[in-house]
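Using the sequences and the hints, build the whole thing.
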Amino acid sequence: MSRRHVWELLSALVLTAVVCVGFWTIFSGLNLTRSHEALWRYRESLYKGWIGSLVVSVGGLIGSCLVAAVLVAGQRAPLKSIRWFTQGLVEIVRGMPLLSLILIGYYVVLNDPTVTRVLNGVGLGGRLFGGIMLLSVFTGAYLTEILRGGIESIPQAQLDSARAVGFSRWQVLRYVVFPQALRRVLPALAGQFVSLVKDSSLLSVISISEFTYEIRAFYAATYLGVEAFLPLAFGYLILTLPIAGFSHWLERRFQAATAS
Amino acid sequence: MKLHADSLIRTYGPLNALDGLTLAVEAGVLVLIGPSGGGKSTFLRLCGGLDQATSGSLQINDTPLGHDPATLQAWRRRNGFLFQQFNLFPHLTALRNITLPLEKVHGQSPAAALETARRCLDRFGLLAHADKLPAQLSGGQQQRAGLARAIAPGPEILLLDEPTSALDPEMTAEVLELIQELAAAGQHIILSTHEMGFARAVADQVALIAAGKILESGPPAAVFGAPREELTQRFLAKVMRFA
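The listed protein sequences correspond, in order, to chains C and E.
Residue 13 is where the first sequence starts when you use our numbering, and the numbers rise one by one after that.
Residue 144 is where the second sequence starts when you use our numbering, and the numbers rise one by one after that.
Some clues are possibly wrong.
Computed Cβ-Cβ distance ranges for the label pairs, DEER-style [as the list claims (entries may be wrong)]:
| hint | chain 1 | residue 1 | chain 2 | residue 2 | range |
| --- | --- | --- | --- | --- | --- |
| 1 | E | Thr214 | C | Phe97 | 31 to 39 Å |
| 2 | E | Arg384 | C | Pro167 | 31 to 39 Å |
| 3 | E | Ala217 | C | Ser93 | 28 to 36 Å |
| 4 | C | Leu171 | E | Gln376 | 18 to 26 Å |
| 5 | C | Ala89 | E | Glu299 | 32 to 40 Å |
Worth flagging that the hints you see were computed from the coordinates, not collected in a lab.
It should be emphasised that the depicted structure is a prediction, and the values quoted were computed from it without experimental measurement.
Note that the Cβ used here is the ideal one computed from N, Cα and C, for glycine as well.
What follows is the structure in structure tokens.
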């Protein structure tokens, strides 16, 4: 065993010990025995809430990509008025706290009878879809700026080469710009998707039955604080860690291709 | 190949990159020489349909290269272009760099494109590197792969913008040899270069561009052997000093 290995092992042991002592200090004072039973009693609503968060997150992920696709196209529109309008929209959404966007969106926009009728007409009515839409707009605005950064980082020489081989405007984007831009902004995109999952907890303020909402209901009924909020943290980690892991895997896979 | 340029002007802001360039030549290989910043690249970009003149007219082989995007794109599809560097798409292997345009631009089937691409890479001694990404190739190999991509669809004219300027002498020789081979096989070429010996050897017609105009043009023997203009004499004296 080399010197380096010894240090590696030693530091791993010390860090483990620190974590264990920390946890023991914090949790040893608590009496967690009755919590199992309470959590078990509420398992169905908690599970339903977690599934709700999963649905909202997946919906928001798809929705935000659609919103970003439209906004990115708007930023590159041939007409100046469309470009300015798009950028204005992006800045306003990014400048607002998500909470106020949710409250205004839900109590003002989605409360409007005409809007409600139209949404019901296309089968997208209801609280859940409303929440997914608001989350999509919010995250979509951030994704738009990340993607714009990626697209603008592609050097002019690549665009020239792509045109020189005869690609059409769309083919230049499809085969040359997007694949390279996406690889460059992958870590930022993954971060934004992780944020999306966590941000979905704010939808509890408009009574969407997602994980935070159900956990708070559980807490209100039992007053079991630690027993409520530890599972809350774990529930979100189950959703967010795979996104981070997947992103790292993609980064490694495309590492060679992003070097230029 | 017939080229006819009349009073071409191309401005970038306050700068006149081309300042009334007029040239009428018929040649298999046209070589553009002249000082950096003189307008060679701008003129080549116009000839390749990658840029548009601010005013004036340009016609190559009966195709007027004006402002119509469809005509310009069709023209780009018919010809090949190679830049100084960064020609290849870094996210694709050398092979895919060649097959992708063949499939998407020229409508070849994947099997046919693969066959063409492998033949081109083989011709340029790159078959062993087919599956490497551009970053894994040397500068000379990258330029040769770029050249392979440019000739794969069988271009009417090959336009080369200082194809060896970013290469060391050994790699330069590798690439120039290939270009000479292509020229000898009858490929029509317009190229700009600082390699005067090469220009002299390979050109049918040479044009010296400076300050956005043609200073002098004619067969290489005339331009290099007995330049008429004083500026040409000075330019050649300078660049040939160590040749």
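List, from low to high, the hint numbers that the structure doesn't satisfy. Checked against the structure, the only hint that fails is number 4, while the rest are satisfied.
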